[in-house]
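There are 2 protein chains.
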Amino acid sequence: MGERITLSYGDGMRDTYNIIRDVFLSSLSNPSLRELNDSARIGEFVFSCDSFTVKPLFFPDSDIGKLSIYGTVNDICVSAAEPLYLSLAIIVEEGFVIKTLEKIVSSIKIAAKNSGIKVVTGDFKVVEKKKIDGIFISTAGIGKRLKGRSSSFRKIKVGDKVIITGGIAEHGITILLSRNKIFDFDIKSDCQCLNKVLIPLWKKFSSIRFMRDPTRGGLASVLNEISLNTNLGIKIFENNIPLRKDVKAASELLGVDPYYLASEGRAVIVISKEKAKEAIKFLHNNGFRKASIIGTITKQSKVIIKTVSGGERILDFSYSLNLPRIC
Amino acid sequence: MGERITLSYGDGMRDTYNIIRDVFLSSLSNPSLRELNDSARIGEFVFSCDSFTVKPLFFPDSDIGKLSIYGTVNDICVSAAEPLYLSLAIIVEEGFVIKTLEKIVSSIKIAAKNSGIKVVTGDFKVVEKKKIDGIFISTAGIGKRLKGRSSSFRKIKVGDKVIITGGIAEHGITILLSRNKIFDFDIKSDCQCLNKVLIPLWKKFSSIRFMRDPTRGGLASVLNEISLNTNLGIKIFENNIPLRKDVKAASELLGVDPYYLASEGRAVIVISKEKAKEAIKFLHNNGFRKASIIGTITKQSKVIIKTVSGGERILDFSYSLNLPRIC
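If you read the protein sequences in the order shown, they are chains A and B.
The first sequence begins at 1 in the numbering used here and counts up one residue at a time.
The second sequence begins at 1 in the numbering used here and counts up one residue at a time.
One or more of the hints may lead you astray.
As the list claims (entries may be wrong) - Here are the simulated EDC-like cross-link-like pairs (lysine to aspartate or glutamate), alpha carbons at most 20 Å apart as the crow flies:
| no. | chain 1 | residue 1 | chain 2 | residue 2 |
| --- | --- | --- | --- | --- |
| 1 | B | K55 | A | E94 |
| 2 | B | K130 | A | E3 |
| 3 | A | K130 | B | E3 |
| 4 | A | K196 | A | E82 |
| 5 | B | K144 | B | E35 |
| 6 | A | K55 | A | D133 |
| 7 | A | K196 | A | E278 |
| 8 | B | K129 | A | D316 |
| 9 | B | K55 | A | D133 |
| 10 | B | K129 | A | E94 |
| 11 | A | K109 | B | E35 |
| 12 | A | K181 | A | E252 |
Since the hints were made in silico from the structure, they are not lab data.
Produce the entire structure from the sequences given, and follow the hints as far as they go.
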């Protein structure tokens with residue numbers, strides 16, 4: 001670790017993982033934090049939080065308001081809990097246009113209604129011009145745990161199957177394209193709430209071991225976190241990973257690897273091999289038509305990708321995007 | 001309301017009250033939010049959140065880390081609930097010194113231990129240099145409600161007594177003096193956790209009607225919020241308000257009214273007149289030696305202060321500090 005924070009500490013990959021372990025866990029350690037889950041389990045509830053600094057504030061099919069609600073809703077539901085209550089802390093820059101704030105609040109209202117979560121408490125702060133870039137939103141959420149269900153690295157076994165619920169990298173590439181007006185693509189953020197499908201999925205399948213939404217750091221980071229925390233490996237088949245052609249083309253033009261780009265409406269699911277196909281059928285029937293079994297948990301503790309051309313390579317965790325404010 | 005956000009929208013007084021009502025409540029309205037309490041009641045729990053943007057990050061006797069824990073701990077305990085769990089969302093600027101971050105996390109650790117709250121979940125984000133001023137922290141907290149106890153405007157009656165638990169304006173003036181190195185005062189922030197005294201106080205006195213910590217906007221704003229939400233008035237006796245001489249002198253030098261300056265370790269309590277003196281005795285015996293009965297709830301819906309010289313004036317809510325980042 002260097003002397004100063006660099007952008008890589010916030011990109012959701014190796015450096016982020018390291019600073020959370022070395023600065024936060026080493027000092028604040030307790031069993032809930034150590035689990036490194038998307039939310040903390042407290043009795044019959046889960047508790048989760050997130051900050052949103054995305055730039056631009058508005059982008060195809062979504063905005064910071066919607067993102068700040070669904071981000072926390074999704075963290076709760078991948079933790080096998082029904083989203084119930086949300087807190088909303090907003091910090092804006094002096095000079096921020098009130099109509100823009102109203103537009104964001106209106107988007108928050110719709111997202112809260114859609115996902116069924118209630119915004120019950122809030123905070124609003126203003127800082128001087130140029131001391132913050134526009135508006136940052138922090139949300140924290142409380143969910144009610146589903147009986148007999150949990151997401152835990154410890155439940156993952158060799159032979160389990162890995163599922164992704166839809167096309168990867170669509171949110172991340174949308175943000176990058178919104179900042180870079182040179183290229184013209186018709187790609188939208190995948191930002192959506194997952195609870196309407198994932199809660200019934202949890203209820204139906206008791207052999208779901210683990211679930212996480214691949215936000216910052218993308219699919220590759222979730223797979224590497226699984227490997228790091230289980231000492232197991234994952235073999236992934238590139239052929240099976242849902243990746244839109246235009247998302248792939250845009251990634252190549254911008255020089256980024258889509259496996260590391262954020263989704264905001266997808267989940268990575270680890271489930272017993274016996275139930276994987278049935279789970280895919282359920283996901284297909286409930287609107288997640290691109291859901292796919294992308295790989296298998298293995299013994300050797302690394303993430304290997306079998307490429308379209310038949311070769312194999314390691315899907316590394318040390319890659320650094322240095323791209324801030326994707327969410 | 002103008003077209004753009006000004007600093008006054010964040011100072012905890014009239015403009016803040018208005019924007020919360022007009023932009024947030026009008027759109028997100030639900031019974032919990034409408035209560036405008038320091039936290040939301042959800043079943044047997046309360047839920048509260050706050051953001052901290054204080055500048056400077058370190059100031060006499062405290063820092064942004066300690067403040068971000070005690071701020072939420074206090075919001076929970078004035079709501080008649082025992083602080084249990086905390087979420088911690090941190091946004092830092094690229095280039096932020098890691099040793100400074102470690103110092104803040106260490107302060108968070110001590111504050112969490114002191115107040116007995118557990119940091120169970122968190123988030124860490126990095127934004128580009130100059131897109132945020134150093135570090136902003138958002139915390140959200142969950143507390144367990146005390147049986148048969150609640151803080152509510154609706155419980156306040158004419159004749160009830162108003163108590164303040166200690167000297168006012170000490171945190172606010174400390175921050176202003178830290179920014180302005182011309183004057184030399186030996187004043188420290190009053191930042192402290194209140195739960196160790198207030199929880200036993202709640203348990204002992206069933207006739208506590210309402211409690212709030214006078215942070216942004218200070219004592220004057222809490223009194224005015226009481227008046228606005230009850231349609232009752234308050235008569236305050238200047239003589240009885242604990243205000244250190246040096247705090248008063250510093251306020252005069254800096255041209256600010258101490259009645260509007262933040263405390264971060266005080267509570268305003270409304271209690272039945274029969275029990276007020278007994279409560280003061282309890283507070284005195286538990287370390288809050290400057291706790292004082294400062295006034296009475298009246299019929300006429302305004303806040304009147306009886307000055308030291310014997311005159312009377314209205315303690316206005318339209319005053320604007322335009323001083324950002326006090327907490």
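Which of the listed hints are broken here?
8
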